[in-house]
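Student: So you can see what is in the structure, the chains are spelled out below.
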Amino acid sequence: MPHRHTALPAHLHDIRRQVEGHARGYGLDFYEVVFEVLGFDEINMVAAYGGFPNRYPHWRFGMEYERLAKGYEYGLSKIYEMVVNNDPTYAYLLESNMEVDQKLVMAHVFGHADFFKNNFMFRHTNRKMMDQMANHATRVRRHQDRLGVEKVEDLVDRCLSLENLVDYQAPYVRRRPAAGADDDAPPVARGFRAEREYMKDYINPPEFLQEQQRRLDEDAARAKKVPERPEQDVLLFLLEHAPLERWEHDVLAIVREEAYYFAPQGQTKIMNEGWATYWHSRIMTERALRPEEVVDYADHHSGTLATSPGQLNPYKLGVELWRDVEDRWNKGRFGKEYDECDSFEARRHWDRKLGAGRDKIFEVRRHHNDVTFIDEFLTPEFCREQRLFTFGFNEKAQRWEVVDREFRKVKEKLLQMLTNFGQPAIAVEDGNFENRGELLLLHRHEGVDLRLDWARATLANLQSLWRRPVNLATRVEGRGTLMRYDGKEHSERRAEP
Amino acid sequence: MSLKIKQDHARFRAIVRGRIKQNLKQYVQQGELIGRQGKDLVSIPVPTIEVPRFRFGERQQGGVGQGDGSPGDPLSQSQGDEGGGRAGQAEGQHLLEVDVSLDELADLMGEELELPRIQPRGRERVVTTRIKYTGVSPSGPESLRHFKRTYKQALRRQLAAGTYDRARPVIVPVREDRRYRTWKEVPRPETNAVVVYMMDVSGSMGDEQKEIVRTESFWIDTWLRRHYPGLESRYLVHDAVAREVDRETFFHTRESGGTMISSAYKLCQEIVETDYAGAQWNVYPFHFSDGDNWSADDTRLCVDLLRDRLLPAVNLFCYGQVDSPYGSGQFVKDLREQFGDAENVALSEIANKEAIYGSIKAFLGKGR
Chain S
1 MPHRHTALPA HLHDIRRQVE GHARGYGLDF YEVVFEVLGF DEINMVAAYG GFPNRYPHWR
61 FGMEYERLAK GYEYGLSKIY EMVVNNDPTY AYLLESNMEV DQKLVMAHVF GHADFFKNNF
121 MFRHTNRKMM DQMANHATRV RRHQDRLGVE KVEDLVDRCL SLENLVDYQA PYVRRRPAAG
181 ADDDAPPVAR GFRAEREYMK DYINPPEFLQ EQQRRLDEDA ARAKKVPERP EQDVLLFLLE
241 HAPLERWEHD VLAIVREEAY YFAPQGQTKI MNEGWATYWH SRIMTERALR PEEVVDYADH
301 HSGTLATSPG QLNPYKLGVE LWRDVEDRWN KGRFGKEYDE CDSFEARRHW DRKLGAGRDK
361 IFEVRRHHND VTFIDEFLTP EFCREQRLFT FGFNEKAQRW EVVDREFRKV KEKLLQMLTN
421 FGQPAIAVED GNFENRGELL LLHRHEGVDL RLDWARATLA NLQSLWRRPV NLATRVEGRG
481 TLMRYDGKEH SERRAEP
Chain D
1 MSLKIKQDHA RFRAIVRGRI KQNLKQYVQQ GELIGRQGKD LVSIPVPTIE VPRFRFGERQ
61 QGGVGQGDGS PGDPLSQSQG DEGGGRAGQA EGQHLLEVDV SLDELADLMG EELELPRIQP
121 RGRERVVTTR IKYTGVSPSG PESLRHFKRT YKQALRRQLA AGTYDRARPV IVPVREDRRY
181 RTWKEVPRPE TNAVVVYMMD VSGSMGDEQK EIVRTESFWI DTWLRRHYPG LESRYLVHDA
241 VAREVDRETF FHTRESGGTM ISSAYKLCQE IVETDYAGAQ WNVYPFHFSD GDNWSADDTR
301 LCVDLLRDRL LPAVNLFCYG QVDSPYGSGQ FVKDLREQFG DAENVALSEI ANKEAIYGSI
361 KAFLGKGR
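One line per chain: the protein sequences are S and D, in this order.
FYI, my numbering numbers position 357 of the first sequence as 357, with every residue one higher than the one before it.
FYI, my numbering numbers position 139 of the second sequence as 139, with every residue one higher than the one before it.
Bound-form chain D, shown alone (with noise of 0.2 angstroms):
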């Protein structure tokens, strides 16, 4: 059935898709939603225009309370930006405090960035079956009986005799109306993903720069989650040399010295052709840095990596290019010239943390 209310509906999200951009913008630069990401805590945006009246500017004007607490004491933290209660005033706060699982999450970002749903490669791959009990025969191990529909058959049978006494209703099953549970082997497709994250960490680099990283790669990491539940991630870093890290040592790390892109991509190549070889795989290289590599020379070298070895492996590739004052931004230049139009590159200049949003859009817009 369709609802009247649908028309003003689409309307709404119409006129919204302007302004709610920035909503989840500001939402996803908050970052922290990082530092809650274990309890998988986050506040739901719930896009909302106000239209503009006459009135009081909110916080000259406080209000009235019920509860606990002395003269002084803070009101808990929440109702403070909802312009506390004011009696007789229909509006209500915007923000819902709720508990979500990060499937959800991914499924809110998913939905306001109109991400398209990821096309897994291998789909056709069968990697493992599944057994599943689907009908009932009269034959199987005694470990399988189903009980009631073994007597069902019994008492069908009692009734068809006209042995069944209403007055005394005893069913006794005999070997004939025993029915088992049969199982079907159910083919399961498997998906298998795997996200290698580099970033530089250079001297160049700064905290302000990591952050936008760290905030970037946990809503990649959560939206790819949302598609492959087994999803693998590998952290990289690099400046000079490359090396493998943990998660941990991935966002905190701070190193200085020279840049060497074509290390993280070497270590890259290496790690997916030892370690994720094959059709099935999905593979996602993510790579963040300034845009600042130390010569032409290695740049070159970076390209012909990518290009002959790199690409033909992966889903997709995404370069993401944080605005550092060192860095002189060079590299996602030289990208785009080379691969500018190839179909599994992304590139993204990311300038400060509003832009994550649409960088995150750039990235996972391709749907691959």
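Pulled out of the complex, with its shape left as it was, chain S reads as follows (with noise of 0.2 angstroms):
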């Protein structure tokens, strides 16, 4: 970090404690957190590198800093705060901000760092990041001063590239039986159980059990295909895999991890930013604002939760429904009676005084990720409050358009575009492709083309890690397409899966 200190002067202290204090009494549970105050310069430097104040040496880190420096030069856009998930938390505050901002950002703080803490998503994340991140640098800091910088950055573009080709459900299930449970034993037929003797070869005449063995041999013998169900994590599958060399496979080792790190914050966004959204604005309005301060924090406020038409504010829609949540338990607006319920002035002045809001909120951000959130929370009331519609490109016109309003279709949008994170699933199908030691990768198309150049472009990342060529088996404007690339030249062609 900086020189120079960093700690939170005495104000800002004594504001700290009184926040802390309020956040605690409505239950907000956290981590200790760690404050430092930073120049704008700093700031920007910190969220460049994605909130650690050390990473690994890359340009796109360089590129941020341009863009948020940039950003801030011209007046566009400030960075209020930034908070890490770590034990501690670590939060910024930028030092040129006014007391009621900071007062603002403490808030809203508080409420990401009880999320992260207790949001299911974010149980198997490495609470030592800010540690671990540190490692990674000096690795990748070592690996360049042995290989050069330019070799390893050009790894790490590469690595970067494949990046999103992770499994994101992967901490939360067991996708392989841990090595060692599966024996080695072929498989025997065994038929149906027959209690009496006599009837066995009725209940299982031996051509039934030659048939069955042949099947049980069948799927022994493609239990040996490498990988046994398609692997939807590629960086794990190159990693046992593919033959790299040590300080590669440190790299590309490095750059899972991270993605893994930081992969619920980018599934929970929607949740996340609600929730810290939700305290800071209680625990302004109810606790912390004075008189004077009331002009300047509505103007922040609003400013966070300002919509644009072809843009999803999630801070706004996540706060939205949060309160509806609420509402709705404190009122009993939901269950089968509340449903079947069709008298519209009835729904209206549905209230049962349950009471149960504060309860069910706390439940529902330990629980849920943003899928499971929006698939179970939306409602079409909601929907219709919020204005919420989809828009889609009119290819005649050549010009984005309001699609639709309808509830369905918002809300299978919706769900659509944060389901996997918003990216195609791809797995790997067979790391022997046609027996040749080609890989094959696997596109599950739901509707969506990929970007072509893009494909390509990242095949032959692909290519440079696996060595042999690569495959990839999609869907191009409703037709199957191999797309292949050996190293040396790009071709498709069609194939139905």
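The hints are simulated quantities; they were obtained by calculation from the structure and are not laboratory data.
There could be a bad hint or two in this list.
[Stated by the list, open to error] Capping the alpha-carbon separation at 25 angstroms, the derived lysine-lysine pairs in PhoX-like fashion look like this:
| id | chain 1 | residue 1 | chain 2 | residue 2 |
| --- | --- | --- | --- | --- |
| 1 | D | 361 | D | 333 |
| 2 | S | 360 | S | 411 |
| 3 | S | 316 | S | 117 |
| 4 | D | 132 | D | 152 |
| 5 | D | 6 | S | 70 |
| 6 | S | 78 | D | 6 |
| 7 | S | 70 | D | 4 |
| 8 | S | 336 | S | 316 |
| 9 | D | 210 | D | 266 |
| 10 | D | 6 | S | 151 |
| 11 | D | 210 | D | 361 |
| 12 | S | 70 | D | 210 |
| 13 | S | 331 | S | 353 |
| 14 | S | 411 | S | 353 |
| 15 | S | 78 | D | 4 |
| 16 | S | 316 | S | 225 |
| 17 | S | 316 | S | 78 |
| 18 | S | 151 | S | 488 |
| 19 | D | 366 | D | 333 |
| 20 | D | 4 | S | 151 |
| 21 | D | 210 | D | 353 |
| 22 | D | 4 | S | 128 |
| 23 | S | 411 | S | 336 |
| 24 | D | 148 | D | 184 |
Take the two lone chains and join them into the complex the hints point to.
Tutor: The following block contains the structure:
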């Protein structure tokens, strides 16, 4: 970190104690939060590094830095806060902010800190990531010292190109049996259970048993295929099977680990930002705000929640949804009875005085991510009130247009955008394609084509790690297509999977 | 304090140099900047290198938005290009829409093109003096009395004399306490500059060619204006004869007929000699044509004019040759032959809009 003193000055320390007290009073639960006060240049740097003061050297951080710095210079954007999922949780304040902003930011930060600690998606993340990132930085620097900046950076570029080919669900489920769990004895067909000896041949005629045995053998043969089942974690597959040198292996592992670390933040963006916004607004308006600060607070708060037609503001959508959930559980506007009530009036004035809202939102923040959150709590009423719509590109008019306001379509689209991170689902299908040691990836096509020029470039990057030719089976304009790169040229041919 | 990120940033800039040029080229060639020049509205390119990934084609995808509008209504213009708001995805837009002043714009361009600052001639020549208040003295006209300092002085005196009473803090300045502002005359070096734009408007210069000239001269104007606050611009058009016109006419007129470039140079030289003589003037003639001159004789005349009269009087003479299906393009070759290594001549061939970038650099990269 910078050499100067970045700890909170006395007056901010007082504010912090006060705000933290309020947060705990509301039942928020977080690791210790360490606030640092930074100048705009430093905060831009830290933001460019994704919240960490120390990352491995790479130009993309410089790019991000330039974007932030330019945005700041021209008064377009300003980073108010940054929070890092870590234990202790680190948060950065912008030195030049007004006091009321600092207060708001702190309240917001405690919201995030609570979410990081308690949401199930973050349970597997490394809580000592600060140290781990610094460790990665050292490792990459060491490789660079040994092999040259250029060479290592090239590899990082190529790895980043594949960064999204990880299995976002992997930390939460067990995809394959732990090593050693399967015994190697060839399976024997047993047929149906026959209690009576004399019935045996009738229940399991020999032809049937043979057929069964043949199928089992086939299965066993297929099991030898690598991977056994389509492997979504392409990076892991590469780590295990690609002929990488040690340092390459190390760099790829670093990129993969960081991708997994950041993934939950992307998968809970709406919830997380909404949660933090919900709490800063409660803490500020109910407890911490002084009368003379109201106008500035309102100004900045509304700036955070501003919407524009083609852009979904996660802060806005999130906080409204949280409030809606709380309200519904306070009034008992859920369940069979409510759902089946078709009197508009009755529904509108429905209030069972349940008062379960607070408990509900705490429960929800523990057990949901964006996909399940939207799936479960987006209601037609909410959709209408928030004036949500879907939009698409009109090829005829060559412009983006509002397409639909129907609840079902909006929800579908929203979920589609969020599922798998809004990324195409691509998995390793075969590591020995056509028995030539080629790699075959399968894109599970869900109605949207890949961007082809990028797909080609990405394949080339993949090939450089796999060394042998690589293939991608996808659909282009409704036709099955096999894209191939053999290290020299790209080719495409029709192939129905 | 140096930040760690500076290394990454320097690295990024180094990588981008090759690509950023295309970014800017594209930016310059759009030409709509000119249309909005009055309002000083442009978008700033923030160079971005995107690492290719497997991702969806944008236009098929669409998204969810929030706000007014009924089905079939267009979204406001800018957002489409940014790929709409895909929740949960951290990729932002790459164009920031901002208000910038022309000065800032010029700086941006200068930075991206790595243009050197212009070193004006005749800098040492003092043309005007300005008055600047620099201090305080015990004497001066009443109109310049420094109220605060006067009272301070009075307070000091009263404290020293022991007549100041904390309980009743009345301060009465006497004559000796009075303080007055004093001034100095600061010599202010003044540089003046004039740009003479000359354009061939003969039949062979089509709309596209003119568009190129228009775009390019806008950028040149912007850059020079950044260095010379009182920049003057003169516009000459010529076919077989040259005449001076206003800006509007310069960009829109279309004539036909032959081309005698010497006519323009002659007129330019007259203007420079009558209106902008003397060392305090920085003179920049820019000439755009498709390179098709009437005759070799005329070209010879041009060369003589340039060498003997024009070049000694100007900072930099720039000739930009626009590609045209009709022109022979001979003129730039002739000039190159004659002035290829002259210090204050910049020649450039502009094949199409994309080439404007390189051309500006050729013209202004000399820093004169």
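Student: Run every hint past the structure and note whether it holds.
Tutor: Each hint, compared with the structure:
Restraint check for residue 361 of chain D and residue 333 of chain D: satisfied, since their Cα atoms lie roughly 19 angstroms apart, inside the 25 angstroms limit. This hinted pair checks out: residue 360 of chain S and residue 411 of chain S have alpha carbons roughly 22 angstroms apart, not beyond 25 angstroms. Distance hint between residue 316 of chain S and residue 117 of chain S is fulfilled; the C-alpha atoms sit about 22 angstroms from each other, no more than 25 angstroms. Under the criterion of a C-alpha separation no larger than 25 angstroms, the hint pairing residue 132 of chain D with residue 152 of chain D is consistent with the structure, at around 23 angstroms.
Restraint check for residue 6 of chain D and residue 70 of chain S: satisfied, since their Cα atoms lie roughly 14 angstroms apart, inside the 25 angstroms limit. At most 25 angstroms may separate the alpha-carbon atoms for a hinted pair to count; residue 78 of chain S and residue 6 of chain D meet this at roughly 19 angstroms. Pair hint residue 70 of chain S plus residue 4 of chain D holds up; C-alpha atoms about 18 angstroms apart against a cutoff of 25 angstroms. Taking the CA atoms of residue 336 of chain S and residue 316 of chain S, the gap is near 29 angstroms; set against the 25 angstroms cutoff, the hint is violated.
With a C-alpha separation of about 22 angstroms, the suggested pairing of residue 210 of chain D with residue 266 of chain D holds against the 25 angstroms cut-off. Taking the CA atoms of residue 6 of chain D and residue 151 of chain S, the gap is near 20 angstroms; set against the 25 angstroms cutoff, the hint holds. For the hint pairing residue 210 of chain D with residue 361 of chain D, the CA-to-CA distance comes to about 19 angstroms; that is within 25 angstroms, so the pair holds. Note on residue 70 of chain S and residue 210 of chain D: the hinted pairing is violated, with a Cα-Cα distance of about 34 angstroms set against a maximum of 25 angstroms.
With a CA separation close to 5 angstroms, the supplied pair residue 331 of chain S and residue 353 of chain S stays within the 25 angstroms bound. Of the supplied pair hints, the one linking residue 411 of chain S and residue 353 of chain S is violated, its CA atoms being roughly 29 angstroms apart against a limit of 25 angstroms. With a CA separation close to 20 angstroms, the supplied pair residue 78 of chain S and residue 4 of chain D stays within the 25 angstroms bound. In summary, the hint linking residue 316 of chain S to residue 225 of chain S is not supported, as the alpha carbons are separated by about 48 angstroms, beyond the 25 angstroms threshold.
Distance restraint check for residue 316 of chain S and residue 78 of chain S: the Cα-Cα separation of roughly 18 angstroms lies within the 25 angstroms cut-off, and the hinted pair is therefore satisfied. Taking the CA atoms of residue 151 of chain S and residue 488 of chain S, the gap is about 20 angstroms. The hint holds against a cut of 25 angstroms. As the CA atoms of residue 366 of chain D and residue 333 of chain D are separated by approximately 20 angstroms, the hinted pair is consistent with the 25 angstroms bound. Taking the CA atoms of residue 4 of chain D and residue 151 of chain S, the gap is about 21 angstroms. The hint holds against a cut of 25 angstroms.
Of the supplied pair hints, the one linking residue 210 of chain D and residue 353 of chain D holds, its CA atoms being roughly 11 angstroms apart against a limit of 25 angstroms. Between residue 4 of chain D and residue 128 of chain S the alpha-carbon distance is near 21 angstroms, which keeps this suggested pair within the 25 angstroms criterion. At most 25 angstroms may separate the alpha-carbon atoms for a hinted pair to count; residue 411 of chain S and residue 336 of chain S meet this at roughly 21 angstroms. With a CA separation close to 21 angstroms, the supplied pair residue 148 of chain D and residue 184 of chain D stays within the 25 angstroms bound.
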